[in-house]
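Undergrad: As a plain string of letters, each chain reads:
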Amino acid sequence: MRQITFSQATLEAMAEEMRKDENIFVMGEDIARQGGIFGQFKGLPAEFGFDKVMDTPISETAIIGACIGAALAGMRPVADMHYADFMGVAMDELFNQMAKIRYMFGGQTTVPMVVRAPDGMSSCAAAQHSQSIESWFMNIPGVIVVTPSNAADAKGLLKSALRDDNPVIYFENKILYKEKGEVPEGEYLVPIGKANVAREGTDITIISYSIAMKKAFETADILEKQGIHAEVIDLRTLVPYDKEAILQSVKKTHRLAIIHEAVKQGGVGSEIAAFVAENALEYLDAPIMRFGAPFTPVPFSPPLEKAYRLDSEKIAKEIQAKF
Amino acid sequence: MRQITFSQATLEAMAEEMRKDENIFVMGEDIARQGGIFGQFKGLPAEFGFDKVMDTPISETAIIGACIGAALAGMRPVADMHYADFMGVAMDELFNQMAKIRYMFGGQTTVPMVVRAPDGMSSCAAAQHSQSIESWFMNIPGVIVVTPSNAADAKGLLKSALRDDNPVIYFENKILYKEKGEVPEGEYLVPIGKANVAREGTDITIISYSIAMKKAFETADILEKQGIHAEVIDLRTLVPYDKEAILQSVKKTHRLAIIHEAVKQGGVGSEIAAFVAENALEYLDAPIMRFGAPFTPVPFSPPLEKAYRLDSEKIAKEIQAKF
Amino acid sequence: MESYSKELLKTFYYKMVKIRRFEETVERYFLDGEIPGFVHLYIGEEAIATGVCASLTDKDYIASTHRGHGHTIAKGADLNKVMAEIFGKRTGFCKGKGGSMHIADFSVGMLGANGVVGGGFNLATGAALAIKKQKRDNVSVAFFGDGSSNRGTFHEALNMASVWKLPVIYVCENNQWASTTPYRTTTSVEDISLRAVGYSMASKIVDGNDVFEVYEGFKEALEYVKKGDGPFFLEAKTYRIKGHFVGDPEMYRTKEEVQEIFSNTDPIKKFTEKVLAEKLMTQTELDEIKDKVEKEIKEALDFALNSEYPDPSEIYEDLYV
Amino acid sequence: MESYSKELLKTFYYKMVKIRRFEETVERYFLDGEIPGFVHLYIGEEAIATGVCASLTDKDYIASTHRGHGHTIAKGADLNKVMAEIFGKRTGFCKGKGGSMHIADFSVGMLGANGVVGGGFNLATGAALAIKKQKRDNVSVAFFGDGSSNRGTFHEALNMASVWKLPVIYVCENNQWASTTPYRTTTSVEDISLRAVGYSMASKIVDGNDVFEVYEGFKEALEYVKKGDGPFFLEAKTYRIKGHFVGDPEMYRTKEEVQEIFSNTDPIKKFTEKVLAEKLMTQTELDEIKDKVEKEIKEALDFALNSEYPDPSEIYEDLYV
Ligand SMILES: Cc1ncc(C[n+]2csc(CCOP(=O)(O)OP(=O)(O)O)c2C)c(N)n1
Ligand SMILES: Cc1ncc(C[n+]2csc(CCOP(=O)(O)OP(=O)(O)O)c2C)c(N)n1
Ligand SMILES: [Mg+2]
Ligand SMILES: [Mg+2]
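Residue numbers (this note's numbering), protein chains in the order written: chain A, 625 to 947; chain B, 625 to 947; chain C, 5 to 325; chain D, 5 to 325.
Read the hints as simulated data drawn from the structure, not as lab findings. There could be a bad hint or two in this list.
Quick list of in silico lysine-lysine cross-link-like pairs, BS3-like style, CA-CA up to 25 angstroms [unchecked claim]:
no., chain 1, residue 1, chain 2, residue 2
1, B, Lys-644, D, Lys-136
2, B, Lys-666, D, Lys-137
3, B, Lys-644, D, Lys-139
4, A, Lys-867, B, Lys-938
5, C, Lys-136, A, Lys-644
6, B, Lys-676, D, Lys-231
7, B, Lys-676, D, Lys-63
8, B, Lys-644, D, Lys-137
9, A, Lys-676, C, Lys-230
10, C, Lys-223, C, Lys-63
11, D, Lys-14, D, Lys-223
12, A, Lys-676, C, Lys-63
13, C, Lys-296, C, Lys-283
14, C, Lys-10, A, Lys-676
15, B, Lys-676, D, Lys-136
16, A, Lys-666, C, Lys-230
17, C, Lys-10, C, Lys-283
18, C, Lys-137, A, Lys-644
19, B, Lys-946, A, Lys-875
20, B, Lys-876, A, Lys-946
21, A, Lys-676, C, Lys-136
22, D, Lys-259, A, Lys-666
23, B, Lys-666, C, Lys-259
24, A, Lys-676, C, Lys-296
25, A, Lys-644, C, Lys-139
26, A, Lys-676, C, Lys-231
27, A, Lys-946, B, Lys-644
28, B, Lys-676, D, Lys-169
29, A, Lys-946, B, Lys-875
30, D, Lys-139, B, Lys-676
31, D, Lys-169, D, Lys-230
32, B, Lys-676, D, Lys-230
33, A, Lys-867, B, Lys-838
34, B, Lys-838, B, Lys-876
35, B, Lys-867, A, Lys-938
36, A, Lys-676, C, Lys-137
37, B, Lys-676, D, Lys-137
38, B, Lys-946, A, Lys-876
Bound-form chain A, shown alone:
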């Protein structure tokens, strides 16, 4: 199959869906003239015009708020957040309006919109341009949260998101944009809410998503050499997360590790670990292990940033120590 980048995969998903549904449009800062700061919108205005691909003022509350209003009035807006770090600016719109409108109005309406949020560490972008804040949204009923880890999922999940009648937050990792992968042409949907058993194994379940899937695979490779066969699960969707897939795997492997780039404390790993400790504790042969960032903001300087990152050697070593 042809290989395209994660970024191209998102472009393909957008273009295909926009051709089919004239209600879709996208707005954000520097996405039209420039094509998005990571090139993820490049060429879109050429096909769809500046009316469907709109450069906005630096006004995140208006970007999200107006997308909600447009969704209520029949459109399917897509908002680009520039950096996930800026979601805090529009947090009220995201959690008090977007997430709650359908419920608090008793199901009278839907809010079909997609919030695209480039996240994660890139290269020394420091504390305010490197964050992964997906776990907050696990605690906010009313939104769907997806976190593609590769080009194919980037396309399939974005297409599903664009067709979903619920508000969807689409966290796209900045480093992944440039990663190539096999991506099916045309109609290719990855269902929301289903995890992907990315590698089968018998000895431990490693759960991850987004960029950290790389670390999950690396860790599995290292463990494999030591005779430990890890099953690697890509959550793909965080809200709702695939409880069945997790339980099934843990009941098979009797061990669990969760890996994500976000801060470990209060991260997605906490919810997954808690869920398993609640529902499959008796199957566990070893402590659950969480791997995530230290409890500090992301530091700037290269050696600090490097030390802040997940290290699969270290992860594998810690896992192995529990065998």
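Since chain A is already given, all that's left is putting chains B, C and D with the ligands on it; use the hints.
TA: Okay, now just chains B, C and D with the ligands, sitting in the frame of chain A:
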């Protein structure tokens, strides 16, 4: 000892600290003329003047942002958030500025301020005036988070917060305001970061904080009648949380339940459960149990709101079923 | 004045009295403990929603505030379902999930009250963006209070609407108070509409207690906006007669002060005096309308009182599609 | 012109050249891959920070932006530590934790660059509130870009400062661009300072490429603010000569266009021509300053290059007190 309300206890803490430290002042909506929507600032302007107790515009970003700026310039500001639900409006200020300033500037400065956030369900205040969002802040390095559950702690933790050189978020539950309790006069500090073993027991550890401590006690009472002696721990501080106290108790009781009013998924219980599953799994004789709100916004109508609340009978029953 | 059709005059009176009587009823039942939560009354401000909505159709949108009953009724929402929602009944617009602060009727373009002050600016702006994209001949209206004009959302919405020339009208209900705070102590400008200058936006000030002035002002706004020249800012000066919410002890002002003001600003009194003096309507016509309203209110109340509460299991419905 | 002391003239030139040469150096080392992260250069806008900071002391505060090197240097921060920070070294102001976007020197009242556009408005306002409470005779300054004036924080800060009559000066660096977007396509007003009207705030527009005009304008602002009459809005018109960040492909404009504009706006050229023509300074004096700057830059560079990176264990330091 004399009994005063939680609300009076916070007032006492404020007044005592303001008398000692002229750098403390407080700002928020309707706190001066009205004394705070829950009366929690009543009488403060009479003693300290409208210069120290300031009514602000409806501008949450300016309230938090200006408090940060004032803190950088040598003051010790206190911000009242009106309702914790409105923290989303100032989320960028809270997590990208307040929480990060000290770290990203390499420790050059401190941001000594207190954010007071009345939270929780009151009586049919519906989706945007009933929330408990403390768990988000467990994932945000750089803030201290305290959650008093009674009048004495309300005073002692607020005094500690007002003296702390770190930014502190002080979640004060709306229903607790009116609850009376014994509160020491004068100098009374509850240390930040230390949990309180509120009731000793041997058979299960019940961890809670804030308003849900009531449910924890109720649950313990019910269990007691069935011969189950529960140890009840009040976390008091969520960031940093008292890991030692938790481990010590779980190692003794071999069972763990966590109860909070906030949404269960992605709540504080997730972090606590995960922490124990990581560090004391081998001590556990039963699955960890989390009790929290269902995964929906808070509904308005009385029977819905009632069903949404924690129910100690049900909690006790579920716990007992695992014995 | 002769240019007003009898029908329109009747509508003005009907809507204003309907809102007034609705609010008085809500107040009573709230004080009796039969309505849960908070309620913020629109009493004294009826001329604004009435004068504005008289020119709107169901295809036009409004975004409302925490003080949303008047907007909802003026926009044409079914009174029974409004009342039932406020009582928390399953037959209400939101099936009891929303209540007073989250009343909405999407079928008539009423996009919802909002518990977050200043939450509606951007929603209305976005609805106007949709209208423009759909090339429809409609408009979107954001009702907002003086206090909310200090929120950042005000600024971001108005700038965006102006830049994109959106068909949205921002209607400021300057009732002089933001909760317990006189607006000028926290708002840095006397006429909030002056802020329109910063967005190159057209604006106008009207007497918000005079339904005719509101109606004319809004029609001007509507014509302007429909030309495609961009948004419009209409400031309606009024006064908050009741406490901020039902139960507000109102320590910050005296009853006398308020009554004195109300005697000069009551929009219904103003209207009645005018139409009678100028012989545009007869007392009988007014009374007939009043009776009709009385019946509707009674019916709505019966409907609400006799409706069932939602079943606890309904908590889990209506979250995701 | 004669009213300018030789010392002040020298300061103007010294600061502007120092910033220019600093930025050129940073650009070179960034392109060489020796500076990590992002850098946003202040080239072409030197007259603003220089003209403003000339009237400030270490007890006055400034809040800066993502484009903060110029402000930091103008405020008097030690060049070595600025450079070291941008290189990510332990000897930098933030011990390598911040970098270009988070450069700060609290010892001279520089409250930090900010990676969040519009993040500084409220911080500067709060610092002014502190000054007022402490009854000090100081001021606070918020530097901000044209693009950031569309953030809600702009609105909330300016309203609050006006209501409380705070000693804060909002200095708009209108460089015509917000990243890839010409400001007028997303900003609904030609002169951003017009927005001051909405806050009953005094304002003034100056040529931001003329250090004398900036200096005079800011002095006027300072005097106004120190009287206690409230905040001031100073708009300095300038032009962003370089790409938004180093490495920006600048697809949205031509090099020629920019060069043409720069030949008329370069604040250093403007200054030099003026002082030489009016014989306020000699070429020798200018050259001496240039040499001094060259030495300082070299020293700062040596300092940065020879400094150590922080140790990985330092991640855990400086979070909590
Ligand atoms: C973001 C936010 N901040 C504060 C509040 C609390 N609050 C509710 S109504 C109100 C006053 C609103 O004043 P105004 O906008 O003038 O509307 P009015 O009540 O006068 O109609 C306040 C402060 C809120 N609901 N949302
Ligand atoms: C809240 C927020 N939104 C978006 C960005 C991304 N961003 C960084 S600089 C910039 C343009 C800023 O323009 P302006 O305020 O005019 O300052 P200039 O770069 O021209 O100095 C943008 C959009 C950001 N850093 N923060
Ligand atoms: Mg008002
Ligand atoms: Mg600019």
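Undergrad: Hints first: check each against the structure and report whether it holds.
TA: The hints, checked one at a time:
no.	hint	result
1	Lys-644/B - Lys-136/D	20 angstroms, holds
2	Lys-666/B - Lys-137/D	22 angstroms, holds
3	Lys-644/B - Lys-139/D	19 angstroms, holds
4	Lys-867/A - Lys-938/B	23 angstroms, holds
5	Lys-136/C - Lys-644/A	20 angstroms, holds
6	Lys-676/B - Lys-231/D	22 angstroms, holds
7	Lys-676/B - Lys-63/D	23 angstroms, holds
8	Lys-644/B - Lys-137/D	16 angstroms, holds
9	Lys-676/A - Lys-230/C	22 angstroms, holds
10	Lys-223/C - Lys-63/C	17 angstroms, holds
11	Lys-14/D - Lys-223/D	18 angstroms, holds
12	Lys-676/A - Lys-63/C	23 angstroms, holds
13	Lys-296/C - Lys-283/C	21 angstroms, holds
14	Lys-10/C - Lys-676/A	45 angstroms, violated
15	Lys-676/B - Lys-136/D	12 angstroms, holds
16	Lys-666/A - Lys-230/C	34 angstroms, violated
17	Lys-10/C - Lys-283/C	11 angstroms, holds
18	Lys-137/C - Lys-644/A	16 angstroms, holds
19	Lys-946/B - Lys-875/A	19 angstroms, holds
20	Lys-876/B - Lys-946/A	23 angstroms, holds
21	Lys-676/A - Lys-136/C	12 angstroms, holds
22	Lys-259/D - Lys-666/A	22 angstroms, holds
23	Lys-666/B - Lys-259/C	22 angstroms, holds
24	Lys-676/A - Lys-296/C	49 angstroms, violated
25	Lys-644/A - Lys-139/C	19 angstroms, holds
26	Lys-676/A - Lys-231/C	22 angstroms, holds
27	Lys-946/A - Lys-644/B	53 angstroms, violated
28	Lys-676/B - Lys-169/D	16 angstroms, holds
29	Lys-946/A - Lys-875/B	19 angstroms, holds
30	Lys-139/D - Lys-676/B	13 angstroms, holds
31	Lys-169/D - Lys-230/D	10 angstroms, holds
32	Lys-676/B - Lys-230/D	22 angstroms, holds
33	Lys-867/A - Lys-838/B	31 angstroms, violated
34	Lys-838/B - Lys-876/B	23 angstroms, holds
35	Lys-867/B - Lys-938/A	23 angstroms, holds
36	Lys-676/A - Lys-137/C	9 angstroms, holds
37	Lys-676/B - Lys-137/D	9 angstroms, holds
38	Lys-946/B - Lys-876/A	23 angstroms, holds
When the structure is compared with the earlier hints, violations turn up for hints 14, 16, 24, 27 and 33 and for no others.
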